[in-house]
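Asks: Chain residues, written in single-letter form:
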Amino acid sequence: MKNTKEPVKSPLVWILFAVIFALINPWYFPAGSHAPLIWGVPLWAWAIVAASLALSVFVTWVVHYQWDMRTDDNEDQ
Amino acid sequence: MELAFGGAAGITVLVAYGVLMLAVGLITYLRNRHVRESLDEYYLGGRGLGVMVLFFTFFATQYSGNTVVGYPPTAYRLGYQYLVSIPFFILIVAAYLFFAPRLYALGRRFSLLTPVDWMHIRFQSKAVTILAATLMLYALGNYLLEQFVAIGQGVSGLTGGTIPYQVGVVFFIVIMVAYSWLGGMRSVAYTDTIQGIALLFGVFMLLIGSLLYLGTPATSAEVMLAQMPDKIGVPDAAGRANWLSLLLLVGIGAAVYPHAIQRIFAAKSEATLKRSFVRMAYMPFVTAGVVFVVGIIGISAFPDLSTAESEQLVGRIANALANQNAVFYWAMVLLFGGVIAAIVSTADSVLLTFSSIVSNDLYGRFISPEAAEHRKVLIGKLVGLVAVVVLVIIAWYPPSTLYQIFVLKFELLIQTAPALILGLYWTRLNSRALFAGMLVGAVFAAVMTFTGLRPLGVFSGLWGLMLNLAICVGGSLAMGVSEQERRRAVEVIGSY
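Protein sequences appear in the order of chains A and B. This note's numbering applies: residue 1 is where the first sequence begins, and numbers increase by one. This note's numbering applies: residue 1 is where the second sequence begins, and numbers increase by one.
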């Protein structure tokens, strides 16, 4: 059996995914609040954008460090 | 909508665009003359798509003309509640990480061509293969129909009716079929690249113009705070539930678009696929994010639009910008060309996948397995053409006449997810339970859609999927799998 790495098998991937998934939902601000505005955009919206960026960074991390099925190895031989 | 640039300029851009697409098809054909001799070459571009082209062809399947024309009006009506559209698109890419690595590896090992091909290798069940192929063909057909109607409406809207709806539909479909036939997946992917660049350029000009001439998020914030604070405040309980269910639906649903899955198989290497995914993960900020801001700016620039009027928000903004100066005039003409291009690029991918399922999974598997590959390709193309002709006849008169049966897409596709995903990881999945779940789930979801039932506000496709999963998992646990089935499963997926 080849020494492969698959995201679904890593508990860390699942844990981080669950945390980030929680953060891209706006439950951690009181309903109806909008202050303060930063460049005309409410803080809670900036928080969602930041959490979304974290999700993109998470995808990058998983792709680089948790995904290696050694599929390309065979072609090098 | 009345456009300052309707008529001649619109026609010029559309014709130029059509000629460019045909040229791409012709060049691809001349450079790869053997393309129609093999299924791999025609449907997967010889499994050789590089990072850039693979990225743009994923981009074109994920973002259609609707992202540009339909999303700003929604942001206009919902305000910041629609910010969910940004994490929504990133989540689609994230969801792929949970199955694409293994599916790509299996695709290489078994030379998989379509998602149905995978199910056949995994379950070796004629019933599962035929049912999944049927559900996918039906749903893909309806996707095509939707795109055709959008092309016609887009073209007649852009040219202010100078090009009638039907002429627009026929013109672009003939071009689309021609370049697809000439170069297969390669043509489709190369044109996707051009279409993607046109769309990105147009969307950015739309944002820059809106910021220069129409207002900023700050001016819209003042309007919202004064008149409609719920559009800028944190969503309430119902808004949050809606937000969550949209994200959950995407998480499950991302897996089921056959034309997106097929692109996994077309990647040149694992490294190529990985790099394309990383790029896709950041695109939502410059696509969904940008059109979201445009919609928000619209709140102060065009206040008090009714729902129907707001649907034409992008047309109004484009019109306002086109009247400013020549740069924005041409940028907006290109934007609308890009919108049509994006719809065509979604349609061409769907058509190619439709044909591949016919070629490989129905004709090539059950009707004439001994046929030469070029014959299988030819049959796929011809059946695809017949489907296109039938759909054009249905699309001939715009969509108020479309019945519910032409609306069913996602509801049916999602029922194939257990076979696709569970099959990747669970060796004890029983193929008869899987078949029963898929069939019952599809029928249930269809009936609920026809009757308009949505208990608890949950989408009919999800109800179908829950029933489907209960039957498939419950049945597998109750019946178990035969020793032979299990050995086969271990052989296919056991080495990962």
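Treat the hints with caution; some may be incorrect.
[Stated by the list, open to error] Here are the simulated DSSO-like cross-link-like pairs (lysine-lysine), alpha carbons at most 30 Å apart as the crow flies:
{"no.": "1", "chain 1": "B", "residue 1": "K268", "chain 2": "A", "residue 2": "K5"}
{"no.": "2", "chain 1": "A", "residue 1": "K5", "chain 2": "B", "residue 2": "K409"}
{"no.": "3", "chain 1": "B", "residue 1": "K409", "chain 2": "B", "residue 2": "K126"}
In case anyone wonders, no lab produced these hints; they're calculated from the structure. Here the structure is a predicted model, which is why all the values come from computation and not from measurement.
Asks: Work down the list of hints and note, for each, if the structure agrees.
Replies: Tested hints:
1. B:K268 - A:K5: holds (20 Å)
2. A:K5 - B:K409: violated (34 Å)
3. B:K409 - B:K126: Judged against 30 Å, a Cα distance of about 23 Å means the pair holds.
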